[in-house]
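Working from the sequences, and respecting the hints, build out all of it.
Which chain is which? The protein sequence lines are A and B, in order.
The first sequence begins at 162 in our numbering and counts up by one.
The second sequence begins at 192 in our numbering and counts up by one.
Just so you know, these hints were derived from the structure itself, not from any lab.
Backbone N, C-alpha and C fix where the C-beta goes; we use that ideal spot for every residue, glycine too.
Please note that the accuracy of each hint is not assured.
Label-pair distances were calculated between CB atoms; the ranges are [said to hold, decoys possible]: (1) A:546 - B:281: 53 to 61 Å; (2) B:242 - A:390: 42 to 50 Å; (3) B:313 - A:294: 45 to 53 Å; (4) A:588 - B:201: 25 to 33 Å; (5) B:281 - A:443: 47 to 55 Å.
Take a look, some chain B residues computed to stay more than 12 Å from chain A by CB distance [to be verified]: (6) 192; (7) 194; (8) 205; (9) 219; (10) 281; (11) 284; (12) 290; (13) 329; (14) 332; (15) 337.
One-sided excerpt, in silico: chain A residues whose CB lies under 8 Å from chain B [stated by the list, open to error]: (16) 227; (17) 502; (18) 503; (19) 508; (20) 545; (21) 566.
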Amino acid sequence: MTIKRIVTTAFILACGAGSAALIYAWQPALPPIAPPSPTGFDASEVRYGADLALIGDCRTCHTAPGGRTFAGGLAMPTPFGTIYSTNITPDARTGIGQWSLEAFTRAMREGVDREGRHLYPAFPYDHFSLTTDVDMKALYAFLMTRDPIVAEAPANDLPFPINVRLVLAGWKLLFFHPARYTTDPTHDDIWNRGRYLVEGLAHCGACHTPRNFMGAETRSEDYAGGEVEGWSAFPLGRLSPAPIPWTEDALNHYLREGWQAHHGVALGPMRPVVENLAEAPAQDVAAMAHYLASLGATAGPSVQIPTVSPDASGQRPQSAGWQAAISTPAAGGPIGRAIFSAACASCHLSERPLPLGGVDLALSTSLSASTPQNLLDIVLNGVPASDGNPALIMPGFAGSMTNATLASLLTFLRVEVAGKSAWPDLPAAVAAARKAASPPIHVRATR
Amino acid sequence: MTHLIVNGELRTVSSDPDTPLLYVLRDELELNGAKFGCGLGQCGACTVLIDGQPVFSCLTPLLLLEGREVRTLEGLGTLENPGPVQAAFIAEQAAQCGYCIAGMIMRTQALLERSPNPDDDEIRGALEPQLCRCGTHMRIIRAVKHAARSLSAAAEATK
Numbered sequence: 162m163t164i165k166r167i168v169t170t171a172f173i174l175a176c177g178a179g180s181a182a183l184i185y186a187w188q189p190a191l192p193p194i195a196p197p198s199p200t201g202f203d204a205s206e207v208r209y210g211a212d213l214a215l216i217g218d219c220r221t222c223h224t225a226p227g228g229r230t231f232a233g234g235l236a237m238p239t240p241f242g243t244i245y246s247t248n249i250t251p252d253a254r255t256g257i258g259q260w261s262l263e264a265f266t267r268a269m270r271e272g273v274d275r276e277g278r279h280l281y282p283a284f285p286y287d288h289f290s291l292t293t294d295v296d297m298k299a300l301y302a303f304l305m306t307r308d309p310i311v312a313e314a315p316a317n318d319l320p321f322p323i324n325v326r327l328v329l330a331g332w333k334l335l336f337f338h339p340a341r342y343t344t345d346p347t348h349d350d351i352w353n354r355g356r357y358l359v360e361g362l363a364h365c366g367a368c369h370t371p372r373n374f375m376g377a378e379t380r381s382e383d384y385a386g387g388e389v390e391g392w393s394a395f396p397l398g399r400l401s402p403a404p405i406p407w408t409e410d411a412l413n414h415y416l417r418e419g420w421q422a423h424h425g426v427a428l429g430p431m432r433p434v435v436e437n438l439a440e441a442p443a444q445d446v447a448a449m450a451h452y453l454a455s456l457g458a459t460a461g462p463s464v465q466i467p468t469v470s471p472d473a474s475g476q477r478p479q480s481a482g483w484q485a486a487i488s489t490p491a492a493g494g495p496i497g498r499a500i501f502s503a504a505c506a507s508c509h510l511s512e513r514p515l516p517l518g519g520v521d522l523a524l525s526t527s528l529s530a531s532t533p534q535n536l537l538d539i540v541l542n543g544v545p546a547s548d549g550n551p552a553l554i555m556p557g558f559a560g561s562m563t564n565a566t567l568a569s570l571l572t573f574l575r576v577e578v579a580g581k582s583a584w585p586d587l588p589a590a591v592a593a594a595r596k597a598a599s600p601p602i603h604v605r606a607t608r
Numbered sequence: 192m193t194h195l196i197v198n199g200e201l202r203t204v205s206s207d208p209d210t211p212l213l214y215v216l217r218d219e220l221e222l223n224g225a226k227f228g229c230g231l232g233q234c235g236a237c238t239v240l241i242d243g244q245p246v247f248s249c250l251t252p253l254l255l256l257e258g259r260e261v262r263t264l265e266g267l268g269t270l271e272n273p274g275p276v277q278a279a280f281i282a283e284q285a286a287q288c289g290y291c292i293a294g295m296i297m298r299t300q301a302l303l304e305r306s307p308n309p310d311d312d313e314i315r316g317a318l319e320p321q322l323c324r325c326g327t328h329m330r331i332i333r334a335v336k337h338a339a340r341s342l343s344a345a346a347e348a349t350k
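The structure is reproduced here in structure tokens:
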């Protein structure tokens with residue numbers, strides 16, 4: 162009798178807790194609407210929405226390689242599994258054509274789709290929740306005036322229990338704190354605009370802030386650097402490993418052009434970001450640079466700042482690091498320096514300025530960063546040409562360099578050129594990067 | 192002295208270790224298939240295969256190659272008896288001035304060894320590092336598909 166009562170009580174309590182969780186987790190579907198007529202939106206509002214969509218990188222994730230813009234289907238590898246981006250064109254069945262402004266706003270601010278399903282935080286609603294009503298309306302106007310495209314996103318490839326969307330309600334309870342942007346009166350309008358964009362739509366922290374074991378940004382370590390798709394997203398502000406501190410002008414140039422002679426070139430997942438910002442309003446990018454510069458900078462340069470203007474044509478800047486690197490016995494053995502002289506110097510010591518010559522490697526953040534990850538990605542795979550966009554290129558060396566020679570080259574660059582102590586566990590990092598880079602090879606006799 | 196396996200033969204070369212492979216091939220070994228285009232790894236005219244992987248020989252110093260296998264255009268066939276990829280490029284008349292073609296053929300060879308039946312996108316992606324300024328791109332793509340068919344037929348016949 163007693164045991165029966167305990168079991169019954171436990172059952173009732175469990176049901177109660179479960180129901181409470183369900184009630185918390187449950188979100189209603191919002192009524193579908195007939196897809197709004199594209200002519201029903203104000204043209205200037207659509208135009209403004211287009212600018213905001215560039216800053217928000219919407220097309221970068223919501224477009225599959227070779228696919229139609231905004232039609233979704235891009236595979237996004239996460240530590241938990243693969244998530245596919247959705248179709249955000251106004252197609253009624255496969256896109257967001259039946260979404261009202263209210264449904265769109267709820268998705269952006271609460272991470273819940275029109276049907277009431279919780280969305281995975283690969284969609285950065287933890288940043289987008291800052292977006293104002295005016296901007297939300299403009300983004301909605303822009304997206305609802307795109308060509309509707311029929312495209313079903315592939316099903317996500319996630320393990321149990323992460324594949325159960327109700328679980329996300331618990332994640333949100335722990336890590337998601339939606340808030341609108343509040344103007345900081347101690348700063349001017351440009352700073353506030355920059356902060357609003359950087360922390361909100363531009364979602365810089367999604368890559369540049371480290372994530373915890375449950376995939377949430379670690380708020381106490383804002384901009385301490387993260388890792389995404391096999392690339393390091395370098396720390397920003399005071400924690401930046403850049404040899405020369407970033408200035409507002411340098412940040413603005415980098416975000417706008419995709420390169421900056423005192424720092425390097427935007428590559429990997431940062432490349433589409435700068436391609437978007439190149440088309441975004443100049444004053445918005447300038448505001449973002451203004452705010453990012455206010456995050457602070459390292460105390461001072463760790464290398465001599467080149468005297469030649471980085472953006473001037475003619476003599477490219479040289480640093481003291483080079484003279485030492487080329488004239489003394491080198492770390493990495495003689496082979497590291499010899500590889501550099503024979504394979505790299507024709508561009509990287511060409512005396513041509515960026516973007517025509519190579520980056521001054523003594524100033525490159527890839528060499529001074531805490532891991533060799535980005536440098537390995539670049540040396541192995543190169544910097545491929547970008548369809549339809551003016552951009553720097555570099556050939557990859559995966560085919561010609563063995564892991565041992567690659568490690569010698571990187572040690573030479575790290576120690577002699579950047580003037581830093583050697584990376585620990587370089588051979589393991591080289592092997593891992595090689596594994597990620599190499600295409601499957603099925604050699605067969607052809608003759 | 193550096194030891195290379197060039198088109199299946201062990202060769203010992205005396206060029207300085209920092210000499211780009213392209214010059215070793217052309218000047219010391221008198222294999223003129225690979226061409227000097229830009230010298231910066233941007234045009235692809237100098238492409239050869241190292242251990243089966245396409246590389247720009249203008250940016251590959253000899254010191255990286257001790258004991259490794261190099262394949263050049265001359266390794267794929269002869270004037271009298273061209274290899275399947277070469278024959279396909281001839282059949283489709285893929286060359287106009289011909290300067291880029293040695294590199295195109297070498298990268299095609301590498302592509303087809305990895306992926307015997309590439310579609311258009313894969314061909315375009317694989318050949319992206321090779322520039323052709325005459326504009327015979329459509330013929331080159333046809334030649335790659337032609338070569339894929341010849342190789343598949345040959346593989347089928349030897350089964």
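Query raised in the report: Hint numbers the structure violates, sorted upward?
Result: Going through the list in order, the structure violates hints 1, 2 and respects the others.
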